[in-house]
Amino acid sequence: MNEVIVTGAAGNLGRLVVETFHKCWKIIAVDHRPLHGFPPGVETVRADARWRGVEEILRKRSTHAVIHLGLKHNPRHDSGCYRYNVVGAQRLREMAAKYGVSRVVFLSSANIYGPDPENSCLLTEEAPLLGAEHYPEIRDLVAVDNLLQSFCYQTPKTQTIIFRPVHIVGQRVRSAAANYLRLERPWVLTGFDPLVQLIHEEDVVAAVGLALKTEHRGVFNLVGPGVAPLSRVLKVLGRRPRSIPSFVAWPALKGAWHLNTTDFPPPELRHVQYNCVVDGATAEAKLGFKPRYSLVQTIRSVESPKWEPMPVSMLPARIRGWRSAL
Amino acid sequence: MTRRWLKRLGRFAVSEEMWERSACLPQTEVGELGVDPFGFDPRYVPYVGAPLAWMYRKYFRVQAYDVDYVPAEGRVLLVSNHAGQLPFDGLMIGAALVLDRDPPRLVRSMVERWIPRLPWVSTFFLRTGQVVGTPDNCRRLLGREEAILVFPEGIRGISKTFNKRYKLERFGTGFMRLALETQTPIVPVAVVGAEEQAPALFNMKQLARILSMPAFPITPTFPALGPLGLLPLPTRYRIYFGAPLQFEGTGDEQDAMVSGHVETVRSAIAQLLARGLAERTSIFR
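These protein sequence lines are chains A and B, in that order.
For the first sequence, position 159 matches number 159 in the numbering used here, and the numbering has no gaps at all.
For the second sequence, position 147 matches number 147 in the numbering used here, and the numbering has no gaps at all.
Since the hints were derived computationally from the structure, they do not count as laboratory data.
Among these hints, one or two may not hold up.
[Unchecked claim] Derived lysine to any residue pairs resembling SDA-like cross-links, with alpha carbons at most 25 Å apart:
id, chain 1, residue 1, chain 2, residue 2
1, A, Lys98, A, Cys152
2, B, Lys167, B, Thr281
3, B, Lys167, B, Lys7
4, B, Lys7, A, Val236
5, A, Lys286, B, Thr173
6, B, Lys7, A, Leu237
7, B, Lys7, A, Lys286
8, A, Lys98, A, Asn74
9, A, Lys286, B, Phe125
10, B, Lys205, B, Gln246
11, A, Lys213, A, Asn2
12, B, Lys167, B, Glu181
13, A, Lys213, A, Tyr82
14, B, Lys167, B, Pro232
15, A, Lys235, B, Pro135
16, A, Lys254, B, Leu211
17, A, Lys290, B, Thr281
18, B, Lys7, A, Val188
19, A, Lys235, B, Lys205
20, B, Lys7, A, Gly288
21, A, Lys72, A, Phe21
22, A, Lys235, B, Pro232
23, A, Lys286, B, Arg140
24, A, Lys23, A, Gly288
25, A, Lys235, B, Phe125
26, A, Lys286, B, Val30
27, A, Lys235, B, Leu230
28, A, Lys290, B, Asp36
These numbers come from a predicted model, not from an experiment.
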């Protein structure tokens with residue numbers, strides 16, 4: 001059985017990818033965080049961006065693909081993330097070329113296009129990546145995306161596929177969009193009702209599955225089923241939004257961010273002000289990707305049962321003791 | 001509760017004619033939550049159309065000529081002169097195609113790039129099918145066989161002062177390259193009456209720059225009367241549609257050639273304007 005390395009496997013989406021594909025592929029789960037609670041048969045490796053533990057595996061065995069989900073994102077303490085992510089991508093390039101990995105799948109984000117008043121209605125994969133202009137904390141994502149794009153065309157032996165999904169929501173993921181939609185009284189900006197696109201986490205995993213089989217390479221926007229105005233998305237969820245004028249909301253959120261009383265980075269406010277709608281036609285035409293979940297199902301997927309802590313049996317040994325004592 | 005009452009009021013305000021005309025419009029494919037990928041919600045048409053119809057029939061008392069030059073279906077670019085400080089000319093051209101054309105046709109305008117920065121206005125424009133004027137948007141809409149309204153004079157036209165009325169400003173060439181690339185016919189349109197609706201004495205460019213506005217016109221009523229001063233004068237609009245013009249090319253031609261085609265369209269509009277000015281006896285009648 002061919003092996004597939006999944007980086008960032010300890011994250012919510014990484015875990016979902018591993019659980020979905022562990023029966024069809026021999027999965028090697030890689031992360032710098034503790035790796036626990038994976039299904040039997042999944043090999044786990046603790047490794048950071050330098051990939052020291054992983055290189056040995058690549059050297060000895062035949063690796064079919066690397067699914068790269070292992071990006072660090074911490075807008076509050078950004079120092080170190082940039083270096084970690086960009087160096088990690090560079091190492092991935094080097095090793096994939098050196099050991100002849102046949103596929104590299106990278107999950108970028110449609111956020112790198114950035115919400116902007118001058119955006120066209122449907123942004124294609126060729127649109128400029130302007131997201132970091134107002135949100136410098138995602139410049140590492142733009143850099144990694146560009147690094148792997150150049151790798152895609154420089155190294156024809158390795159098939160590189162870069163996905164740029166719209167806001168991923170679902171029961172598991174804790175993306176900014178999913179967290180925002182979970183708020184009982186989310187902020188909206190008075191007079192603004194931008195179009196939003198959402199994609200279900202399982203649809204993203206299905207796209208990753210297609211990427212492991214396809215003969216195509218390149219960059220693909222991943223979109224869910226259609227677009228919807230933000231107000232209607234919130235209506236489906238029965239939320240009661242707080243309407244705040246933009247000239248109040250911006251300084252208020254910036255202040256709250258500096259005082260450490262909110263987890264929403266201020267630049268994310270642009271997503272509730274301006275459009276960032278992308279065109280997923282290329283993924284549909286070339287990969288045959290079609291979202292399985294309807295728009296209402298996708299929106300409602302954030303209404304998961306209340307978050308529960310991980311069962312004690314799945315916890316690392318060193319903290320298992322004090323958790324069970326609680 | 002308020003929303004329910006507003007809906008009832010809306011139903012009461014919309015005339016039978018507006019309901020019928022909205023029903024005759026070509027169907028737009030919308031998503032699960034009622035909007036197309038551009039944000040247009042067809043359910044807004046009768047409600048927005050009702051006050052527009054009142055403005056069209058009662059306020060500006062619009063007379064539309066040769067509206068049947070606009071084809072019933074298929075892609076088409078409507079290219080018009082632009083004036084009046086506020087874009088009532090665009091609204092009235094759109095209303096003419098819904099109210100005076102059989103069968104009615106919906107037109108989408110290419111709006112200025114600063115419009116999405118404005119609260120309420122941005123949402124209103126999105127829901128009524130108006131899109132930001134980027135080449136990509138225009139190309140996509142033409143690909144969907146839609147009718148697109150463009151004002152090649154742009155901000156230069158709408159903010160011109162009274163002494164420059166009915167003198168066409170320089171036309172951009174972007175619309176022509178798109179028309180050539182997508183093999184789209186161009187219908188020239190001339191609006192007579194809009195140029196006198198808000199006669200600007202001068203444009204305070206410095207103040208506009210401070211306020212991040214594209215222009216700050218000083219008219220006899222604005223800013224003296226505050227927001228009330230933005231109300232246009234009830235001039236009579238005359239809208240002239242010209243015969244469709246078809247140009248051959250790929251859109252990659254040299255500027256000189258494209259400028260020649262643009263000049264053809266510009267002169268067609270100028271001729272329609274001259275006709276309109278010759279035919280009218282008064283600004284208000």
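- Task: List, from low to high, the hint numbers that the structure doesn't satisfy.
- Result: 3, 5, 7, 8, 9, 10, 12, 13, 15, 17, 19, 20, 22 and 27
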